[in-house]
Amino acid sequence: MILKTFMQPSFLFGFLFILVLLIFSYHWPAIFDVNKEKSLELLTNKYNDEGTVIAVPPFKPSDVPPFGTDVAGKNLFYQIIDGAKYTILIAFGIAFFRVFVSVVIALYSPKSKISYLDDLVQATLYIPGTILAYMLMTALFSKQAMEPMSSTKLIIMQFFILIMIGVLPLISTFSNEINSLLNKDYIVSTIALGSKKTYVYYKHVLPELTEKLVLVFAQQMIQSLILLAHLGVLAVFIGGSVTLFMGEPLEPIPFPIPIEGEWAGIIGMSFAKLQVTPWAVLFPLAFFAVTIFAMNLMIRGIQNSFEVKSRNSGVIK
Amino acid sequence: MKFSLKRYLLRIRSIVFGILIISILPPLLIGYNSMLTAKAWAFSIDNIEFSLFPDIFDKYKYSMTIFFASLFIGLIIAMILTFVTTLLPKFIQRLIFGFLTLFESLPDLFIAVALQVSVIYIFKRTGWLVADVTMFFNKPIYLLPIITLSILPTIQLFKMTLLLMKEEQDKPYVTVAKAMGLGRLYITLRHVFRNIITSLFQYYKSIFVFMLSNLFIVEYVFNLNGFMIAFLYSRGVAFVVTALILALPFSLVFELVESYAGSANRQEREEAA
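As given, the protein sequences belong to chains A and B, one line each in that order.
Reading the first sequence from the start, the letters are residues 471 to 787 in my numbering.
Reading the second sequence from the start, the letters are residues 63 to 335 in my numbering.
Because the hints were derived from the structure by calculation, they are not lab data.
Please note that the accuracy of each hint is not assured.
Below 30 Å or equal to it, Euclidean Cα-Cα: the simulated DSBU-like pairs (lysine-lysine) are [said to hold, decoys possible]:
1. A:Lys613 - A:Lys474
2. A:Lys682 - B:Lys228
3. B:Lys267 - A:Lys682
4. A:Lys682 - A:Lys666
5. A:Lys474 - B:Lys186
6. B:Lys186 - B:Lys233
7. A:Lys474 - A:Lys555
8. B:Lys240 - B:Lys152
9. A:Lys673 - A:Lys654
10. B:Lys68 - B:Lys267
11. B:Lys123 - B:Lys233
12. B:Lys221 - B:Lys186
13. B:Lys240 - A:Lys530
14. B:Lys228 - B:Lys240
15. A:Lys474 - B:Lys152
16. A:Lys682 - A:Lys667
17. B:Lys221 - B:Lys201
18. A:Lys474 - A:Lys673
19. B:Lys123 - B:Lys240
20. B:Lys228 - B:Lys123
21. A:Lys474 - B:Lys201
22. A:Lys743 - B:Lys233
23. A:Lys654 - A:Lys667
24. A:Lys673 - A:Lys555
25. B:Lys221 - A:Lys743
26. A:Lys666 - A:Lys654
27. B:Lys68 - B:Lys152
28. A:Lys654 - A:Lys682
29. A:Lys474 - A:Lys623
30. B:Lys201 - A:Lys654
31. B:Lys201 - B:Lys186
32. B:Lys267 - B:Lys228
33. B:Lys221 - A:Lys682
34. A:Lys613 - A:Lys555
35. B:Lys267 - A:Lys654
36. B:Lys240 - A:Lys682
Per label pair, the in silico range of CB-to-CB distance [claimed, not checked]:
37. A:Thr668 - B:Leu82: 35 to 41 Å
38. A:Ser579 - B:Gln155: 43 to 49 Å
39. B:Trp103 - A:Tyr496: 51 to 57 Å
40. B:Leu82 - A:Leu482: 30 to 36 Å
The beta carbon of each residue, even a glycine, is placed where N, CA and C say it ideally should be.
Please model the entire structure based on the sequences and the hints provided.
This is the structure we're talking about:
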């Protein structure tokens, strides 16, 4: 089954893209043969041979190929490559835990109707996830400002918020799915013959759910990527931010700088200065788009492979 | 399934409960109450306080104008595109479908920022301002936000109608019509299209929710000072009120559509039986 999925060209293409991006992200200093600290340091003014300034940061993509620098003067290309691993792994983690937690809860009590849950799901339909996340995140930041907490704890809390937001609707979809499975004839008779509930879940329910689980997981990953980008624009960064003060000494302009180097942070940092450095926002966003496209390709590959399987099983019957 | 007031009221009850629970989540989960310092009937954007009433109604009108204008534009363009596509040869159809997957992957943020930057770039180069790119002195702008907001729904609706069209084209009644010697154009226009529009209603909820999220990003990027921005910055009582203003009309729309689509589907089933 897994082999068949990998044989699908669209799946393979998407998977290879993400794999290559991750490999580059972990080993880029070796691959490009550059020093990591040196290539991520702030660039200063450029001089020509006579010693006059020809360019000042932020550099355009034509000055510092291929992507130029951000507002502060950091090389954008290396930043994006370095941030790929954080971004993809954060999205992966959020999607995985969302699916995992919701499946566990749905399996634990598929038949009991949690009415509070239904209320919450009904209401979250009208409140965009970004607004919900922003509301909780700002409260978290205010709390952190009053009583400082370690960055590990902050990141864990942020993960918890991002996971919880997506779990609720998933629980209701999964419990509907499991309920319809449990009402199938062969499962009813298996239970009637006296098999244990855990056995039925493990042996019958979960294999039937696999297709749905994989698809939902991929979709959740896309959604978390989009959510991350939105939060980045709202200057909410995973791992918190340090506020630098730029501009005139008498009129300081607060300028949040993200600590972790993920793409949403790069976008959020440059978003306020969109007209000065449009490339510093557009290139990370384009990388988001390409990653989401790769995920969509993978989803199509998975769907195709399951279609092939169901067609074959139809022939055998 | 007819529209019943009782079911709608039950739904409203659960929505109100849900919003109340969500509004107390920040102090509940994190233990920091930002509502203590804020006024109940106000929200503040960048430390400037706005009173909730009657400002919110203007914002609501403005945002919903953009929302529904882009929804209808998206729907019409998607229909026209689908219609044109079905008349094209098969391999071009597959090509278009592939491109749609690519465009569907673009984040809403990317489209909004790219449009804004390109309009400014054109202005810088030629001195010709295609459309206003941001709100200035609270003078509302319409053109660019509506275009931006309508792009992604157009793509999604186009893809859905194409898929539905593919399914519909294998059905017996189309074969019968072909056998009767009716033209491809006539069948598509007269018979297939109608059926597609009713099946398109299945997806109304996901499109609405998706567009609400997009509307928020469009308002933020174009600095529109609209309803969703007020929603973003309101806390406590103001949050509950804004959420209800958003949720109640939409839930009525959903309920009406559901009762209508339900009755249409049942009719189909009866016909099939």
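Checked hints:
1. Restraint check: the Cα-Cα separation between Lys613 (chain A) and Lys474 (chain A) comes to about 50 Å, which exceeds 30 Å; the hinted pair is violated.
2. Restraint check for Lys682 (chain A) and Lys228 (chain B): satisfied, since their Cα atoms lie roughly 23 Å apart, inside the 30 Å limit.
3. Between Lys267 (chain B) and Lys682 (chain A) the CA atoms are separated by roughly 20 Å; this keeps the pair inside 30 Å, and the hint holds.
4. Distance check on the hinted pair: Lys682 (chain A) and Lys666 (chain A) sit about 24 Å apart at the alpha-carbon level, within 30 Å; holds.
5. For a cut-off of 30 Å, the pair hint linking Lys474 (chain A) to Lys186 (chain B) is broken: about 52 Å separates their Cα positions.
6. In summary, the hint linking Lys186 (chain B) to Lys233 (chain B) is not supported, as the alpha carbons are separated by about 54 Å, beyond the 30 Å threshold.
7. Our distance criterion of 30 Å between C-alpha atoms is met by Lys474 (chain A) and Lys555 (chain A), whose separation comes to about 27 Å.
8. Pair hint Lys240 (chain B) plus Lys152 (chain B) holds up; C-alpha atoms about 18 Å apart against a cutoff of 30 Å.
9. As the CA atoms of Lys673 (chain A) and Lys654 (chain A) are separated by approximately 14 Å, the hinted pair is consistent with the 30 Å bound.
10. Pair hint Lys68 (chain B) plus Lys267 (chain B) holds up; C-alpha atoms about 21 Å apart against a cutoff of 30 Å.
11. With a C-alpha separation of about 43 Å, the suggested pairing of Lys123 (chain B) with Lys233 (chain B) is violated against the 30 Å cut-off.
12. Under the criterion of a C-alpha separation no larger than 30 Å, the hint pairing Lys221 (chain B) with Lys186 (chain B) is inconsistent with the structure, at around 36 Å.
13. Taken as a hint, the Lys240 (chain B) and Lys530 (chain A) pair is broken in the structure, with Cα atoms around 59 Å apart against an allowance of 30 Å.
14. Proposed proximity of Lys228 (chain B) and Lys240 (chain B) is supported: the alpha carbons are some 16 Å apart, at most 30 Å.
15. As the CA atoms of Lys474 (chain A) and Lys152 (chain B) are separated by approximately 27 Å, the hinted pair is consistent with the 30 Å bound.
16. Under the criterion of a C-alpha separation no larger than 30 Å, the hint pairing Lys682 (chain A) with Lys667 (chain A) is consistent with the structure, at around 21 Å.
17. Of the pairs offered as hints, the one joining Lys221 (chain B) and Lys201 (chain B) is violated, with about 36 Å between alpha carbons and a cut-off of 30 Å exceeded.
18. For the suggested pair Lys474 (chain A) and Lys673 (chain A), the alpha carbons sit about 22 Å apart, so the restraint of at most 30 Å is met.
19. Restraint check for Lys123 (chain B) and Lys240 (chain B): not satisfied, since their Cα atoms lie roughly 48 Å apart, outside the 30 Å limit.
20. Using a Cα cut-off of 30 Å, the hinted pair Lys228 (chain B) and Lys123 (chain B) is violated, with the two alpha carbons roughly 38 Å apart.
21. Between Lys474 (chain A) and Lys201 (chain B) the CA atoms are separated by roughly 57 Å; this puts the pair beyond 30 Å, and the hint is violated.
22. Straight-line distance between C-alpha atoms of Lys743 (chain A) and Lys233 (chain B) comes to about 55 Å, which puts the hinted pair past the 30 Å bound.
23. Using a Cα cut-off of 30 Å, the hinted pair Lys654 (chain A) and Lys667 (chain A) holds, with the two alpha carbons roughly 15 Å apart.
24. With a CA separation close to 35 Å, the supplied pair Lys673 (chain A) and Lys555 (chain A) exceeds the 30 Å bound.
25. The straight-line distance between the Cα atoms of Lys221 (chain B) and Lys743 (chain A) is roughly 35 Å, outside the 30 Å bound, and the hint therefore fails.
26. For the suggested pair Lys666 (chain A) and Lys654 (chain A), the alpha carbons sit about 17 Å apart, so the restraint of at most 30 Å is met.
27. Annotation: proposed proximity of Lys68 (chain B) to Lys152 (chain B) is violated, straight-line Cα distance about 49 Å (limit 30 Å).
28. Among the hinted pairs, Lys654 (chain A) with Lys682 (chain A) is consistent with the structure: their alpha-carbon atoms are about 17 Å apart, no more than 30 Å.
29. The hinted pair formed by Lys474 (chain A) and Lys623 (chain A) fails the criterion: a straight-line CA distance of about 42 Å is larger than 30 Å.
30. Between Lys201 (chain B) and Lys654 (chain A) the alpha-carbon distance is near 60 Å, which puts this suggested pair outside the 30 Å criterion.
31. Of the pairs offered as hints, the one joining Lys201 (chain B) and Lys186 (chain B) holds, with about 22 Å between alpha carbons and a cut-off of 30 Å not exceeded.
32. Our distance criterion of 30 Å between C-alpha atoms is met by Lys267 (chain B) and Lys228 (chain B), whose separation comes to about 22 Å.
33. As the CA atoms of Lys221 (chain B) and Lys682 (chain A) are separated by approximately 21 Å, the hinted pair is consistent with the 30 Å bound.
34. Between Lys613 (chain A) and Lys555 (chain A), the direct Cα distance comes to roughly 29 Å. Compliance with the 30 Å bound is thereby established for this hinted pair.
35. Between Lys267 (chain B) and Lys654 (chain A), the direct Cα distance comes to roughly 28 Å. Compliance with the 30 Å bound is thereby established for this hinted pair.
36. Taken as a hint, the Lys240 (chain B) and Lys682 (chain A) pair is broken in the structure, with Cα atoms around 37 Å apart against an allowance of 30 Å.
37. For Thr668 (chain A) paired with Leu82 (chain B), a C-beta distance near 37 Å keeps the hint of 35 to 41 Å intact.
38. Distance hint for Ser579 (chain A) and Gln155 (chain B): a CB-CB separation of about 46 Å, consistent with the stated range 43 to 49 Å.
39. Hint check: Trp103 (chain B) to Tyr496 (chain A), Cβ distance near 52 Å, so the stated range 51 to 57 Å holds.
40. Evaluation of the 30 to 36 Å hint for Leu82 (chain B) and Leu482 (chain A) yields a failure: the beta carbon distance comes to about 48 Å.
This entry does not satisfy hints 1, 5, 6, 11, 12, 13, 17, 19, 20, 21, 22, 24, 25, 27, 29, 30, 36 and 40, going by the numbered hints stated previously.
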